[in-house]
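Undergrad: Keeping their order, the protein sequence lines are chains Y and A.
Using our numbering, the first residue of the first sequence is number 1, and each one after it goes up by one.
Using our numbering, the first residue of the second sequence is number 641, and each one after it goes up by one.
Honestly, the hints are just simulated from the structure, not real lab data.
Predicted model, so just to flag it, every value in this text is computed and none were measured.
From the three backbone atoms N, C-alpha and C, an ideal C-beta is built for every residue, glycine too.
Careful, some of the hints might be misleading.
[Unchecked claim] Now the stretches of chain Y that chain A is said to cover, found in silico as 3 or more residues with beta-carbon under 8 Å:
#, segment
1, 7-15
2, 23-36
[As the list claims (entries may be wrong)] Covered stretches of chain A, going by a simulated chain Y footprint (3 or more residues, C-beta under 8 Å):
#, segment
3, 708-717
4, 763-776
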Amino acid sequence: MKNTISHRVADFLKNFPPFNVLDQKDLETLSEEITIIYKEKDNIIFLENDEPHPYFYVVNKGAVALKKGTDKSIMDMCDEGDIFGLRPLMAHENYKMTAKAHEESILYAIPINIFKPYAQKNTAVGNFLIESFASNTRNPYSKSHRGKLYDEVLEINPIAPNTQVLDLQSVQYSKKLVTCSATTSAKTIAKIMTEKNVGAMLVVKDKLPIGIITDKDLRNNIVTGKYPITTKASAIMVSPVITYNKNLTITQAQMAMMKSNISHLCITKDGTPNSKAIGILSKHDVMVALGNNPAVLIKAIKRSKKIKSIKQIRKSITHLLQDYLDQNIPIKLTTKIISELNDACVKQIIKISLEEMPSKPPVKFAWLALGSQGRSEQLLQTDQDNALVFENVPEDKLIKTTGYFLELTKLINKGLFDIGYDYCPAEMMASNPDWCLSLDEWKKTISHWIINPGTDEVLLSSIFFDYNIAYGDVNLVNELSEHIFETTKKYPIFYLHLASGALQNPSPTGFFRQLLVEEDGEHKDSFDVKRRALMPLTDAARVLILSHSVKSINSTAERFEKLAELEPNNEEIFMACSYATRALLKFRTKQGLLHNDSGRYIAIDKLTKEEKIKLKRTFKTIKEIQELVSIRFKVSNLLR
Amino acid sequence: MIDFFKKEVNEYPDFWLEYENSFNEKPTDDLSLVRFVVLDTETTGFDYLNDRILCIGALSLVDRNIAINNSLELFLKQEHYNADTAKIHGILKNGGASCISEIEALEKFLGYLKNAVIVAHHAIFDVTMINRALERNGLPKLRNKVLDTSHLYKKTLLTSNVFKKKEHYSLDELAEKFDISKKDRHTAMGDAFITAIAFLKIKSRLKSKGQLRLKDLLKMG
């Protein structure tokens, strides 16, 4: 039966091979027979050795992990448009891997008996299938394999994205050629290269590559004064160009670059300089293919023009994090690097969103990261907490200005959502009109919180006061901080309330020093490491640092270090807190990576003895700092 | 008295009796076995008395699966016709050959619906519109259990003084929150589809306290 939904499905499928080669009518007929399946995170689609379903699957939304063997190592990650579970149907064998929803996913189940005739009738579809079944060098995270058929028998061992097997991978080169002709002037070339943010320009004649000009060539020939800025490309280009065909592997590319001491290779249709140039491969591309290097990732983020490509990079960041933890790199350094990378992602998303807006911002603004992101403690992706402040405008312009920024923040929040930051369930996001205010409006709100410190106000301030500027005008943010310090000084009673709020988190251990676990709900019997261990430290650090009027130190561990410096007599306890914070953060991150979640709830019975001892050791410190806060701010038992 | 009752029942057409009979089946409380029919109606307006159904879009959801070939899209012939609504919904009066009369549509709809649990966004509106149509044709009201995604969605939100829940959440808001493409919005089938995906996502967010049962869902909305 033809209907609106089958159109919707066909509309999606037509973008991906092999469906893109089917004609519209066939695709619609096929779509009418599809079943749409919703899977929650961690739901199983099929198990290894299961008998094949009468369907194969296409990922519409979300991601599906294909796992194999007893250790359940991830062999492959299928994204939007990827097909899986087809080969066993064609080969009449059982599933070779387990397919599990890695995120909340929507799948299209395509009945094989309907699809098969098309595969037989249409040679292009058949060829696609044969080609993808035959290829067995695969990089789970490379775009070059996007859209291929994944569920194939693997002869090689499971590959982590970082291992040597990748060397046999064909390389991902940039297909957007930046070219000029032999008569283009050096000045124009430099301009275009700056605009396109590339390091090399290909000189072509009738689409054939005749030379290449890199940053280095411009520096050596033009900047040194050897040639004038009006020189034609032909005079300074390096010729002939080293060319290869597109099946070049990463290792071959590296070898070629080293051999000729060059940084760019030209990819041509048949691999010789006598055929059409189709792409360019830089040292940077090779490095990206080789994997996880923060500098490369930062560069890749900054070059991203689409949210989608940032989403891919986010995955590499998670792998990098995993590597760092595996190699036991100090958590202090790890936190810094990962925060920088996350920060770069946010900045780039704001930049992309700004470009999407019909006009430039009417006034200056600043994007504030709140909560754990503001404290630069966010290693795993959690919910979004953010806000926006903009320059004061005359009253008659306020509505229009607010309108502009609400439109912008909606784009940014959506962008962040797309790369994996869930929407904040309490709507503490800049797209909420309450969190997108002018400087004066913010000042008013903050004064209200400080002067009337009820439970809600204290909660709001404890979330908001950890803000960190992620993008925009720093003066606006400084003014906001000044305002907070001034107001709190005038109303010192606020410290008392903030301090008592800091003491309200439930205790981590019971009377017999046993770990206290959640008594009911979804996380029954697991330990809430965020609420029972990390939050008491974070809250204590916040109220203490605020009472010292120290601004722009946001990370809890660093706040404690600063406090140790300011109060030498309490150095020991503050340093212990700083250490405990980092230890807990690492603990949480490891748990989160293990379970592909926020790591907040820990199943106690799965911990090793050593881990339990480590966890308990931090609790003594938590108790001590809570006592210090309680005495210093004279939190009476009444208030607690 | 019993005789009188029986006589009345017999006046109903066969398709209604069949529909009633489907309720003799013992209802299940296991959510993976329950058949949900997610539906949306497009109407000539919002007046229960004077406005009419233009189109019904419905799809069934069993164990989180939606089979496209098992969905229902009905276009109804119109006697009264309001140009404004037609513009929004893009359904022209007697536009296609597939337009059917109200009673035919009800027959097809009930045959499809059976004893399924109805899911709709602001369900009261759709259910009332259908009930009015049934009434006009001398039939009793729908007997199905009803879930409203607008109510259910509110249950997924945090209960906190810091954050005020809205009275109503539109389907657009749900689509944005759950990242569902708004393609075909304001067609009955398109809206039914968005509602279905939203319902699935809401359901997965609601199962906080142990296994969620149909009973729990019905209590919430």
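Undergrad: Evaluate each hint against the coordinates.
TA: We went through each hint and held it up to the structure:
1. Check result for the segment 7-15 of chain Y against chain A: holds, 4 residues qualifying (beta carbon to beta carbon below 8 Å, three or more required).
2. Coverage of the segment 23-36 of chain Y by chain A holds. Counting CB-CB distances below 8 Å, 6 residues qualify, and the rule asks for three or more.
3. Chain Y is given as covering the segment 708-717 of chain A, and this holds because 4 residues of the stretch bring a CB closer than 8 Å to a CB of that chain, at least three being needed.
4. Remark: the segment 763-776 of chain A is not confirmed as covered by chain Y, as 0 of its residues place a Cβ nearer than 8 Å to a Cβ of that chain, below the required three.
Taken one by one, the earlier hints fail for this structure only at number 4.
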